Amino acid sequence: MRLFHNRPELAPAMLRDTIGFPVPDYAHAELGCTDHTKLKPVPFKSDDVVVLYDREGAKVMAIIAEVQQKKDHDKPYTWPLYVATVREILRCPVRLMVVCPDSGTEEWARTPIEFEAGGAAFAPAVLGPSNTPVIDDIDRARRLPELSVLSATAHGDNPAVLKAAESALDALPEHTRLIYYDFIESKLSAAARQKWEELMTTGTYEWQSDFARKYVSQGRAEGLAEGLAEGREEGRLQGQVAGLIKGERAALLRILHARGVPVSDSARDRIIQCVNLAHLESWIDRAVAVTDADELFE
Numbered sequence: 568m569r570l571f572h573n574r575p576e577l578a579p580a581m582l583r584d585t586i587g588f589p590v591p592d593y594a595h596a597e598l599g600c601t602d603h604t605k606l607k608p609v610p611f612k613s614d615d616v617v618v619l620y621d622r623e624g625a626k627v628m629a630i631i632a633e634v635q636q637k638k639d640h641d642k643p644y645t646w647p648l649y650v651a652t653v654r655e656i657l658r659c660p661v662r663l664m665v666v667c668p669d670s671g672t673e674e675w676a677r678t679p680i681e682f683e684a685g686g687a688a689f690a691p692a693v694l695g696p697s698n699t700p701v702i703d704d705i706d707r708a709r710r711l712p713e714l715s716v717l718s719a720t721a722h723g724d725n726p727a728v729l730k731a732a733e734s735a736l737d738a739l740p741e742h743t744r745l746i747y748y749d750f751i752e753s754k755l756s757a758a759a760r761q762k763w764e765e766l767m768t769t770g771t772y773e774w775q776s777d778f779a780r781k782y783v784s785q786g787r788a789e790g791l792a793e794g795l796a797e798g799r800e801e802g803r804l805q806g807q808v809a810g811l812i813k814g815e816r817a818a819l820l821r822i823l824h825a826r827g828v829p830v831s832d833s834a835r836d837r838i839i840q841c842v843n844l845a846h847l848e849s850w851i852d853r854a855v856a857v858t859d860a861d862e863l864f865e
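Numbering-wise (our numbering), the sequence shown opens with residue 568 and increments by one.
These are computed hints drawn from the structure, not numbers from a lab. Mixed in with the good hints there might be a few duds.
Claimed, not checked - No more than 30 angstroms apart at the CA atoms, straight line, and that leaves these computed lysine-lysine pairs for DSSO-like:
| no. | residue 1 | residue 2 |
| --- | --- | --- |
| 1 | Lys762 | Lys638 |
| 2 | Lys762 | Lys637 |
| 3 | Lys626 | Lys642 |
| 4 | Lys730 | Lys637 |
| 5 | Lys762 | Lys730 |
What the hints assert, rightly or not - Have a look at the derived ranges for each label pair, beta carbon to beta carbon:
| no. | residue 1 | residue 2 | range |
| --- | --- | --- | --- |
| 6 | Glu576 | Asp704 | 16 to 26 angstroms |
| 7 | Glu576 | Arg658 | 19 to 29 angstroms |
| 8 | Arg658 | Phe682 | 33 to 43 angstroms |
These numbers come from a predicted model, not from an experiment. Note that the Cβ used here is the ideal one computed from N, Cα and C, for glycine as well.
All chains should be built: construct the whole structure from the sequences, respecting the hints.
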């Protein structure tokens, strides 16, 4: 997940200050390898691994940061493998931290994983709506923009939290802003999303033209222009619909490209050949969270 990838220090801060798990003193944090594949042939990959070092350069802890969008009944079997493999590779204490965007997934993730009947249990450290801090102070949000993003997704009904997140995103590079903006918008309730969109269009920052829609509007404008040209022969209304479809295709591919999501030839063909506007709009909604374009069609 880009929140931890862009700011590794966020993982130990959340684990210690928000969840309450002790973290040893460390001098700096950096990303470690997320590929936990051993020997062959089935790969097990977490979202991010953050490695903490002391002043002498010795590893003191590795934090596996896993973002869990929904319940996945395979994870109680693969999560312990992540921890065991990273511990064997790095030879230091390891802690798995699971970040959940909704209460149902959070409750599920907190369920201890039993290795044997009556024996030891494995319990991840879980961050969810119940313990995500409320970041409603603009200065704090600007210091910790990734934490402000998580706060906005968990407490989006609080206008002050959304305003703080808006301010935090303003200082970030445009590519990162786009991804964080879409991530927040995808997690908000309908009422909170309307408030968020109002902030984007009525605020005072240069980028507040709703930059996710920048990509969508560019694609729609291109497609609409083509569609209107075709409409001279096929009829104006039919040409407009065709233009919207082409625009949605272009917008979807732009968002996937902007997020760095792999797009296979088969996925690209499916997107380009799609003539169902509702399907394309649904895929655009999913595009802000997928890690592979093929996940759009699941």
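Hints, verified against the model:
no., hint, verdict
1, Lys762 x Lys638, "holds, 29 angstroms"
2, Lys762 x Lys637, "holds, 25 angstroms"
3, Lys626 x Lys642, "holds, 26 angstroms"
4, Lys730 x Lys637, "holds, 27 angstroms"
5, Lys762 x Lys730, "holds, 10 angstroms"
6, Glu576 x Asp704: 16 to 26 angstroms, "holds, 19 angstroms"
7, Glu576 x Arg658: 19 to 29 angstroms, "holds, 22 angstroms"
8, Arg658 x Phe682: 33 to 43 angstroms, "violated, 22 angstroms"
Hint 8 from the earlier list is the only one contradicted by this structure; the remaining hints agree with it.
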